[in-house]
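So the sequence lines, in the order shown, correspond to chains A and B. When we follow the working numbering, the leftmost residue of the first sequence carries the number 1, and every step to the right adds one. When we follow the working numbering, the leftmost residue of the second sequence carries the number 245, and every step to the right adds one.
Heads up, some of the hints might be wrong.
Claimed, not checked - When the alpha-carbon atoms are kept at most 30 Å apart in a straight line, the in silico DSBU-like pairs for lysine-lysine are as follows:
1) Lys28/A <-> Lys382/B
2) Lys26/A <-> Lys433/B
3) Lys12/A <-> Lys26/A
4) Lys243/A <-> Lys26/A
5) Lys26/A <-> Lys192/A
6) Lys243/A <-> Lys28/A
Calculated from the structure, these hints are not laboratory results.
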Amino acid sequence: MTITVDPSEIAKFEAMAAEWWDPNGKFKPLHMLNPCRLDYITTQIAGEYGRDVGIERPFAGLRILDIGCGGGLLCEPMARLGAEVVGVDAAARNIPVAMTHAEQSGLTIDYRHTTAEAMAEAGEQFDAVLNMEVVEHVADPLAYLTACQQLLKPGGLHICSTINRNPKSFAMAIVGAEYVMRWLPKGTHEWKKFITPDELCDLLRQAGLTPVDRKGFVFNPVTWQWRLSDRDLSVNYVTAATKG
Amino acid sequence: MDNPRPRPIVRRMESDLIITGGGLNGPALALAAARHGLSSIVIDSLPRDTRADPAFDGRSYALAHASHRMLDRLGLWDGLPNQPMLEIKVSDGRVGEAGAFLGLHFDSAEIEEGPMGFMVEDRHIRRALLDAMEAEPKITHRAGETVIAQETGPAFATVTLATGEELTGRLLVGADGRSSGTAARARIKRTGWRYGQTALVCAIAHERPHNGVAHQLFLPPGPLAILPLTGNRSSIVWSETDAQARAINALSDDDYLTVLRPRFGDFLGDISLAGARYTYALGLSLANAFVADRLALVGDAAHGLHPIAGQGLNAGLRDVAALAHVIGHAARRGEDIGAPGVLERYQGWRRFDTAALAAATDLFNRLFSNDSAILRAGRDLGMALVGALPSARRSFIREAAGLTGDLPELMR
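So here's chain B without its partners, still in its complex pose:
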């Protein structure tokens, strides 16, 4: 070809937003934007049937209070099966010595907003988002499509699908996870590191009821969380060194349970697996910029956090709520939702929060994944102090519930 095909400056807008990523944050953003009258195309690389699959795959989320409020505002909460977390017990321990859950104790009776948070299974929230998207005329869901190229101009962002089809909008949003192709195509670099640890995730069924109590146990190889699901089931997240995790993951289900049992004792009675097993390499991955020309990143595409504090999805939903807030207000005053000044407002709002959370989570993990006697003594003392001071405990609870900081409209 001698000359490239000339491209018109003005393009037909298919939609206000083009969102790459059909997981949780992408659909949530499309729904939040629709409340402001903004249209979205959600491009999901997975087929619709995968998203709609009703079988329990073992994945679940600890939703902070602010996230619960947001899902409620988006009309997703009614009918969504959930397990309230009434108490969180934090303790320090050693494998085989566990069972005595002394130490820090957070009780939802101490804050007025109700439960500390809610456990929700991935299959249920996924389905609720899918149904809501399909019922919303402002949202077009393109499932099973892959983006292969993107381009931005003075007033538009265009993505090209593998089929050759081009889609144009005012703002492109990357909600496509920590290895975000959208961020990479915009040449946004990332900063991050690995911890040499891997999280092992599974769901278990147990004999005795959990009474809505969540446990966070700090073991020398890494933290172990027991999070209550509906019925006599819990979600388990435990961290081991990479090598150890590989070895454990290679075991049969029976042997896997044999390794798991002594880590938290027998207070729930006998346990069995209730879903698939997963492993996640632990690390931090922060995008060096959350915005670029006509582009904003949300969720793991902006910040892949260490899952120790269960704040990954909550932080993602906070991005979504903040971005919807910023572009919703921009649209009401007639501003271009993809203009650099508008996107800077979003970035300014979210980057500081995220950096602070990432740093705190990192410190927390380094402090607790350790068997040094001095650190253990210091930790015990710190826990006893926080436990003894009601106001310090309340602020911990409110922070974990996502009720601090400058909250976007959807979370107020």
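Next up, chain A with everything else stripped away, as it sits in the complex:
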């Protein structure tokens, strides 16, 4: 499905893009988490493909898919690092917003209103698939992860982050983030859908992927920053898996 931005609506999309990209706005929690997510993603991709992130456009020649791209918070950094980026989102309203912001930033990104399953059916292939904070929202995680696996070239890298299921994650992610801090709209998460790291790794294997790494995203309420942890995967965590 091809989407073009209606010129009469550009002002509206610019306003929505500004909202997506405001670090203190509605998407503040994503902005706070983003440097930590990007550190993990860039390190894993650079490691897998032997790239040096200290040089310009280190990901040149790599084709990367971001599922659930939203306003483009992950797509733009990947494009800036030189990758050929496709961003897909099931929410149609996000696409022109992300397109508008990419144009303002002078970046070329292929944004599409579609799903991972539809992309897989069309036979699209990528070097890396970014699957961040999506799997806890889908109806059938195994079918979804299988589609993600199909989207990868042989040897490709799948990065998936989600939320653990235990009393602490319930307290932190739902009571804390949704009710107390009002970071996320109430009802954003359904605790029963949360997946433990072991369950996710089992699902990844069933989908034909080989888990190679897992780390926790840990929030420090004193410095107000997220960091990566080797040990603490009790709430937010991320995994890397390869195909074949």
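Following the hints, position chain B against chain A.
For chain B alone, coordinates are given in the frame of chain A:
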């Protein structure tokens, strides 16, 4: 004109950074950014020949240890003439009574990093920066140019030069001093006050060697620092009331020396002037924000400090190292280096440090620029206590050497 010329949203980027100010912090930032693969245009209002002038103009800096490390990492230290400060003696005194340097004594043997700091002349550091900038392909040095306007957009910052030329980058950095035009154009307000004091600065040649010892002498009109330069030369910084400083500055060189001599006695033998004389009105000038849309301030543009503790350039270099650290890491993870979230990381890092330093410096000056008998007794007691406690003394030394706090990569 009926309609303003429509401006395109997307502009051609001439550079990652546009830096206004070609003094010390601006070029240092351009070099630090280049290490992360980021390009810079440095706009300097002074002509290149002024920056390259090899004549000694009397200006010098006391570089803290962390600053020395940073210049070394930037490849500027090798070949840079410098005088290590092996000891710092602090004492309390009265004009005419000086000469007996009792009181607080800091010795570099007490910290493992070596000398307390280094004295470097402005002409040498200026030249080293100029040569390094010219050898770095990622840096464009635009000397003798004036910025008359600036504008920021969703993904760019553009400055307009007096010639009408426009330059566009992702991030604009104001390194243009305490009366920063860059900060003013961004409508960043400043908070500050004057002390009613003026610093008199000069370099002297003296008969006897200084042996690498720096002296800080607290006299009732204000502090006087004697900082060792290479050879038998020292840099003098002394403070007087504004009126007194005006009067002294109007004197001939001979009369000026006549006023200066009794202030620190004859332990260096006869003295003569070895460069130009300068005056600086003392005051604090803090920018209310260190960042704005696509803009970051460094050095005096962010915080003009009272020069009593010699921390002005050191604080500026710390800004530079912190900003380079933040945008360098942002670039490695593909973030937009001028995005508000990235700039907030820099501001959060530097503002607290700066406010603390400004407050401490201010307190220090108010405490020591005073002739009250009670304050003098309290000061003497405090000095004796700090002097008697090795751990307190070591922490003073490490603080002054810039080795405390959360250090940016370039200073570790």
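Any hints from earlier that this structure breaks? Give me their numbers in increasing order, please.
1, 4, 6
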